[in-house]
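Enquirer: Okay, here's what each chain looks like letter by letter:
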Amino acid sequence: MDQPIIRIRDLQKSFGRLTVIDGLDLDIAKGEKLALIGPSGSGKTTILRILMTLEDISGGRIEVCGEPLFHMSRNGTEEPANDAHLHRMRRHIGMVFQHFNLFPHKTVLQNITLAPVLTQGATRADADRRGRDLLDMVGLADKADHMPSQLSGGQKQRVAIARALALQPQIMLFDEVTSALDPELVEEVLEVMHRLARETDMTMLLVTHEMGFAHDFADRVLFFDKGRIVEQGPPDQIFTAPQEDRTKSFLRKIIAAGQRV
Amino acid sequence: MGDWAGYLTLILGGAWVTVKLTILGSALALVVAFVAGLGRLSRRAALRWTATAYIEFFRGTSIFVQLFWIYFVLPLTGVQLSPLQAGVMALGLNVGAYGAEVVRGAILAVPRDQYEACTAVNLTRFQRMRHVILPQALPLMLPTFGNNAIELLKATSVVSLISLADMTFQAQVVRSQTGNTLIPFAMILLIYFALSSIISFAIRRYERRVTRGLDGVR
Chain R
1 MDQPIIRIRD LQKSFGRLTV IDGLDLDIAK GEKLALIGPS GSGKTTILRI
51 LMTLEDISGG RIEVCGEPLF HMSRNGTEEP ANDAHLHRMR RHIGMVFQHF
101 NLFPHKTVLQ NITLAPVLTQ GATRADADRR GRDLLDMVGL ADKADHMPSQ
151 LSGGQKQRVA IARALALQPQ IMLFDEVTSA LDPELVEEVL EVMHRLARET
201 DMTMLLVTHE MGFAHDFADR VLFFDKGRIV EQGPPDQIFT APQEDRTKSF
251 LRKIIAAGQR V
Chain P
1 MGDWAGYLTL ILGGAWVTVK LTILGSALAL VVAFVAGLGR LSRRAALRWT
51 ATAYIEFFRG TSIFVQLFWI YFVLPLTGVQ LSPLQAGVMA LGLNVGAYGA
101 EVVRGAILAV PRDQYEACTA VNLTRFQRMR HVILPQALPL MLPTFGNNAI
151 ELLKATSVVS LISLADMTFQ AQVVRSQTGN TLIPFAMILL IYFALSSIIS
201 FAIRRYERRV TRGLDGVR
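Protein sequence lines, in the order shown, are assigned to chains R and P. First residue of the first sequence: 1, per the UniProt record's numbering; consecutive thereafter. First residue of the second sequence: 1, per the UniProt record's numbering; consecutive thereafter.
Please keep in mind that the hints were generated in silico from the structure rather than gathered at the bench. Being a predicted model, the structure only gives us computed values, none of them experimental. By construction, the Cβ of each residue, glycine as well, lies at the ideal position given by its N, Cα and C atoms. Don't take each hint at face value.
Computed spacing ranges between beta-carbons, pair by pair [to be verified]:
id, chain 1, residue 1, chain 2, residue 2, range
1, R, Leu86, P, Ser42, 18 to 24 Å
2, R, Arg9, P, Val35, 33 to 39 Å
3, R, Asp145, P, Gly6, 56 to 62 Å
4, P, Trp49, R, Thr77, 31 to 37 Å
5, P, Arg125, R, Glu79, 17 to 23 Å
6, P, Ala27, R, Gly76, 30 to 36 Å
7, P, Ala27, R, Arg129, 40 to 46 Å
8, P, Val110, R, Arg124, 44 to 50 Å
9, P, Pro75, R, Ser149, 54 to 60 Å
10, P, Val110, R, Gly59, 30 to 36 Å
Isolated chain R, as found in the complex (with noise of 0.2 Å):
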C-alpha cells in the first residue's frame, strides 16, 4: 500500500505492572475503516486514546501522516515530544467518546465552533455556518441553541461526532461510541457514523462491541486480546471463518449473547 496514514511499529503499554499493549506493529492506510474488537481489557480502548495523545507510550514507535507523534527530531538528535509538536499533531486527529463528553456550559452549537474558532481561527460567522452544516447533516438542525442537559444520549453522541467533525481531521476515532446509549437510541447514531464511512475519506477507527455494525463498517477487522492483535482481515473472513481459536470462542460468546454479526 502507499504511505500509510498510522504507523505503529513495537508499540508498548504499560500501567504501573500491568501491560496493556505487548509489542503491537499496525500500519493503516488512508481512507482506511478499521473495527477493533475483542474482549474487555484486550488493550482496543488504549490505542485509541494513545492515538489521541490521551495516554503516553511506553515503548516503540508511532508516525501519524508521516511524522512520530511522540518524538520530534531536534538537532538531529529525536527527544521526546514536547506540547507544541503533540498541538500540532492533534490536527489530523479527532475523537468520539463512550460519555461523550460534551462542555456542559456551552449550547450544542457553542460546542461545536469552540475549538475551530480558538483553534483554527475561524471567524464566528464561519464557524457558526459550518456548525450549523454539520448540526444538519446529523439531523440535530433544530437543537443548535439547546443546552447538552436538554438532549437524549443519541442526540448528544452526534453533537460529538459534529464537534470532532468541525476540526476536519484526517482520522477519527470512536470508543465504544453507542456503549452508553439505550438500545432504541444505537441506531441513529450508527446510521450517522454509516453514512460518514461512505461519504467521506476519512481514516476511521472504530473500537465496538456492535458486531453487526463493524461487519457493514470495517475495510478490515481487528481482533485484539491480551495487548496483542490475535487475528485480522475483512469483515466476511473474521465474522465467518475465523482461523484463531480465541477469535472464535469470542464470537461464540458474542452470538450466544444474542448479538448478529
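Put chain P on the given structure of chain R with help from the hints.
Expert: Chain P alone, transformed into the frame defined by chain R:
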C-alpha cells in the same frame, strides 16, 4: 435623644468603613485565591511550593497577628501602610488563603472527561482552563466564597485594634461615652446581620445566573 442622632451617625460612619474593608478585602481575597489556587495546580514546582507556603502560613496563624505584623512590623522594612491599607491586606491575604483551597478543590472536581475532551479538540492548557474548566468550576466555588465573604465581614472588627474606626470601634466609643452597652451593640448587631444578608443574597443570585443550563449536570 438628640445625642443619639450623633451617636448613630458615628456608628453609620463606622459601618461605611466596615463596608469598604469588606469590599476591598474581598476583592483582594478573590484575586489572591485564584492566583494561589491555580499556583497550587501549576506544573512548575516553584510555583506550587510558593502557593502552598503562602496558604499554609496564612491559614495557620491568626489574622490578629497577621494584622499586627503588617501594620507594626512591615514599617520597619520601609513599607508604611495606612490603617485601611493594612486592614485590607490582612483580611485579603487571610481569607484569600482559604479561598485558594476552594478554587483548587473546585477545579479538581471538574471531571477528567472534560480535560480529555479538550485534548481531543486540541485546546491549549490556557484555553482549556479559561473556556472549559473554570466556567464549570465557578458554580462549585460560589457557595463557599459566600461563606468566606461573610467570615471576612465579621473579621473586619479586628482592625479596631490598629485604631481604625470601623463599626465595632465606633460602638465601643459610644459605649464609653454613654455608658450604654445595649443600644450601640444592638445597632451594630443588626447592621452586621443586614450586611451579611446582602452578601448571601447577592451570591445566591449570581449562583443562579452562572448555573443556568447546568441543571441535570449537578
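Enquirer: Decide, hint by hint, whether the structure agrees.
Expert: For each hint, the structure was consulted:
With their beta carbons about 19 Å apart, Leu86/R and Ser42/P fall inside the hinted range of 18 to 24 Å. Separation of Arg9/R from Val35/P is about 45 Å and departs from the stated range, judged on CB atoms against 33 to 39 Å. The beta-carbon spacing between Asp145/R and Gly6/P, approximately 59 Å, falls within the hinted interval of 56 to 62 Å. The supplied range of 31 to 37 Å is met by Trp49/P and Thr77/R, whose beta-carbon atoms lie about 33 Å from each other.
In this structure the supplied range 17 to 23 Å holds for Arg125/P paired with Glu79/R, their Cβ-Cβ distance being about 20 Å. For the hinted restraint 30 to 36 Å between Ala27/P and Gly76/R, the CB-CB distance of approximately 53 Å leaves it violated. Between Ala27/P and Arg129/R the beta carbon distance is about 41 Å. The supplied range of 40 to 46 Å therefore holds. A beta carbon spacing of about 26 Å between Val110/P and Arg124/R contradicts the range 44 to 50 Å that was offered as a hint.
Between Pro75/P and Ser149/R the C-beta distance comes to about 55 Å, which sits within the given range of 54 to 60 Å. Under the hint 30 to 36 Å, the C-beta atoms of Val110/P and Gly59/R, about 32 Å apart, fit the expected range.
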